[in-house]
Amino acid sequence: MTAVIEVQHLSKHYRDVRAVDDATFAVEENKIYGLLGRNGAGKTTLMQLLTGQEFATRGSIRVFGESPVENAGVLQNISFIKESQRYPDDFRPRHVFASAPWFFANWDAAFAAQLIEEFRVPLNRRIKKLSRGQVSAIGVIVGLASRAPLTFFDEPYLGLDAVARQLFYDRLLEDYAEHPRTVVLSTHLIDEVSNLLEHVIVIDEGRIIIDEEAETLRGSATSVVGTRAAVDAFVAGREILHRDGVGGLASVTVEGLDARARAAASAAGLELAPVSLQQLIIRRTSTSEKEFEATA
Amino acid sequence: MTTAQFTKVIPTTEFQRVGRIVRLHFANPWTTIGLPWIILGSIFLVNLAIWWIIFASVTSASDRADVSDGLQYSGASFYIFVYMLVVAVQAISITFPFALGYGVTRRDYYLGTTLNFVILSAIYSAGLTVLSIVEELTNGWGMGGRMFTAVYFGDGWAQRLYLFFVGFLFFFFIGSLFASVYVRWKANGLVALFIGLGVLVVAVAALATFTQGWGVVGAFFGRAGLVGSVSWSLVITALAAVAGFLVLRRATPRG
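Same order as they appear, the protein sequences are chains U and V. Every number in my numbering is 42 more than the matching position in the first sequence, counting from 1. Every number in my numbering is 17 more than the matching position in the second sequence, counting from 1.
Hints listed in this document are in silico derivations from the structure and should not be mistaken for laboratory results. A few of these clues could be false.
As the list claims (entries may be wrong) - When the alpha-carbon atoms are kept at most 20 angstroms apart in a straight line, the in silico DMTMM-like pairs for lysine to aspartate or glutamate are as follows:
| no. | chain 1 | residue 1 | chain 2 | residue 2 |
| --- | --- | --- | --- | --- |
| 1 | U | K73 | U | E313 |
| 2 | V | K203 | U | D131 |
| 3 | U | K171 | U | E159 |
| 4 | V | K25 | U | E48 |
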């Protein structure tokens, strides 16, 4: 277990906004991390801090054991693909793909060529004239073909259709298997990537509210469905994440159930349903908002 | 502090890191090389047409000499100097966020960009000098026209080469300072900078006026001569270059 990224008590404040608020976490080498959260939760700011683009208000960041800020020895191992990545106005995609190898020592030209073909990126059209999805595809291709030891994808697929997104997930997973590296993927399309992620970090209003193995997280909550009375009796005293009800029926999401609790639920005639990563995160983030309001 | 060994890429040298920024600026030379020459070429053609009209309508040798005398004050090629300010602003505001996504440090970026501006200054001053020599050899393109040998560019090709070069450096690095301010503080920063510069100019003018110092200023530039006066701009150029770096060093690329 080697932590490529170690963050301690990291904060970034802009005037009255706490974009990142006292974050502490670590990212282990050669794993795929999901950095999840709502829009404006602080995902991009966090990635900018980790790549030395933004300056911390407080706290420490260690990437490959050193501070990333203005540190060429660290930064040359990093590829950071942003949703809003701007390209020089007069560039055509071929200029991007011609210049990327100068910056990424592990660049694989054959892989890039294959991806250009698969994503159907027109090499000779000016980037300004490309569709949003085609511009995103350029970023995705650079991020994959650069094979940087530490790769950040910040919502890389704006405007990409479902086919292209699936292609991205497939190629990422295949290439990652052959060339292990650390990938941090920020997204709000949680269900789409949930099978890809090995570890999940959820940020909400600048604070890290979940930092867990994806596997653990998936089993951590269960929906209990049944008649209102039976459900209420069963969930009494348990940690409730969410509650839904129609007429006499209720569906309540509770924190992880052990085998005995599961048996008791079936005995009471209740149905147990797994909770998707997306639902779980939605429920956890809204919980935290309520808690936040309560303490504020 | 961890002592773990990570899988990393082969380290680069400072030389490589600065060199690839220069290459990045030249990846598509259209904005920095292609377009300015095309515009300059168009201005030249318009001038040629005007010279031809004059040349065709003014026939006596002494009148033609008068025309040529007047044309030495041509400002037709000034545009290209000011345009380099625009080129510098474009180059930085567009490639800076791009390069930082490629894992480049601000320091290496600025060094590479500075080198790029020096190279561009050399290319443009060499080009203008060649044109000025042709202008001389063809006796003003056969019509007594003057665009590249205007009186402000000095005497003889060596002096012109020097003045062109210093002039280009000045506009590139002023542009580079403006661009750094823009990248860091956006439009508000530029407005503040322009107000600051305006106040500075007025303050200097006030100082010169109240101390009856205009004569001293005039005498200073008179003594320095054309080459000397232009050389003094190198001080401003150097200050702008350093200020640009200090501003950019704490800048964050934003979408």
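We went through each hint and held it up to the structure:
no.: 1; hint: U/K73 x U/E313; in the structure: violated (35 angstroms)
no.: 2; hint: V/K203 x U/D131; in the structure: holds (18 angstroms)
no.: 3; hint: U/K171 x U/E159; in the structure: holds (19 angstroms)
no.: 4; hint: V/K25 x U/E48; in the structure: holds (17 angstroms)
Comparing the model with each numbered hint stated earlier shows that hint 1 is the single one that does not hold.
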